[in-house]
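All chains should be modelled from the sequences, with the hints used to inform the complete structure.
Each chain is listed here by its residues.
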Amino acid sequence: MNDFINERKAKLEDFKKNVRKKSTNYQPVDIPDGVFIKCDQCGAAIFEKTLETNHQICPYCDFHFRMGASKRLALTIDEGSFVELNQHLSSVNPLSMPEYEDKLAIGKKLTNMEEAFLSGTAKIVKIPVAIGILDSNFMMGSMGSVVGEKVTRLIEYATEHKLPLIIFSASGGARMQEGILSLMQMAKTSAALHRFDQKKLLYISVMTNPTTGGVAASFASLGDINIAEHSSLIGFAGARVIKQTIRQELPEGFQTDQFQLQHGMVDMVVHRKDMRKTLFKLLQLHQGGAH
Amino acid sequence: MSDTINTAWEKVKLARHPKRPTAHQIIKSLFPDFLELHGDRLYSDDQSITGGIGTLGGVVMTVIAEEKGGSTDEKIKHNFGMPHPEGYRKALRLMKQAEKFNRPILCIIDTPGAYPGIGAEERGQASAIATNLKEMMGLKTPIIVVVLSEGGSGGALAIGVGDYIMMLENSIYAILSPEGYASIIYKDSQKADLAASLMKLTAEDLLSFDVIDQIIPEHEGLHLDPDFGIEQLKNAVIEQTKRLIKRSSSALLQARYEKFRRMGVYLEQGEHDE
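Protein chains in written order, with my numbering: chain A, 1 to 291; chain B, 1 to 274.
Pairs of lysine to aspartate or glutamate residues, derived as EDC-like cross-links and limited to a Cα-Cα distance of at most 20 Å, are as follows:
1. A/K243 with B/E179
2. B/K191 with A/E99
3. B/K96 with A/D197
Don't read these hints as lab results, they were simulated from the structure.
So this is what it looks like as structure tokens:
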């Protein structure tokens, strides 16, 4: 009986805590017409326009919402400087997986992109770069043959034209629907980075929310500089798989950007609002460094 | 369809057959003078990857092998063949040593996957695998890879970049375990047999995709007649080593790059299509 009462007490405490947490920090004054979005982290209701003008960052708790490739590009590069590469590559269904075509169609509709990776050349404060961005709205930014090929081609382009390379990752990992062919993209992209390395060129990898699985275990971890964006999930194995394997709860803050910083996997954690500035600084510091 | 299910799932079961020899037995047969070398010089000695030196066909080779263990005690000791980052780092250390001393490398893959655990994440599982993928591409010595039983995901590929890749007839090589795949596709890990048939994970499938170069026949299967398959494997490794050590390192690296560069299937439309 005591147990039962204690349990109810604990539940009540939890409830109070959660309700309190949600009701602080912001004051809903008058409610304008429009859509509200609930913050995944603090639970606050945020007016969509506010989120939009605040670079998809929660104004109350600083949580970074996921950002599509085109918005990310606009936030990062000099306006009008982007020239897209390899936009005509599209996925087929080599394993004849059921429903794969439908998922591709949804991805295309959601992102207005042919595949999950946007790549090309651009300038950041007038410094030319090769830039690639994964879009998590396209099948969780997963890497199949096309993403692997486009990443590889971008790396090869940067190698040939001696450009610094910046890749923003946002991916659940290798794309299940293309099976072993997806797995091999990990080797292919890493191979291209090996050649890029030989030319002593700069690669900045930016891991955003989420960067996991086969993308984390290939090109995303191989930057000369690894940056984790603020409030990102970064890791190899999925939390559910780990929980099932070890049969215990995961520690708080597991696989977050701060976790990766503490364990020495990234050079820095950068707030989205400071990203362009930071990239520019890094590019500048590497200019004239090569002999 | 039911035939495909049977074939693929039968292979999965054979690949995991309790009587199927593990890497240690293969090493013992191929390299009677094998000497094990331990440790990654950074953290520990991961027992799920065995590394060392031995002679085969008159050539001294470095051997890297994922070891699952046979008995229950062994399985626990070898963590069921699921390496931590230190295992991959040990492998890379020994492979770089092989390059230094001009020894060809034989990698034996047999893992359900890299270990998904807290320590593994803390010590950089993703980074360890990625580093191996990149570094193996540049090793100036021949690398022969064989999938012995189970090639699971990035944990297999992390010692799987090479010049010549073989699979035993009853082995599987896939992006994920059929159980994991089923839980994603069907939200039900019990449908692993169905998932296996979709995944294209048999040696024949992988040969048809040009992901591997050769299938080593097993006759009745390694679990019933290990000697036959092991002998076939031995001959194939000797033959490929002889062929590959004649190549210049630049030719070797170029071919290795192109081998992986080709992998993938996609559609490319001309600019005029827009």
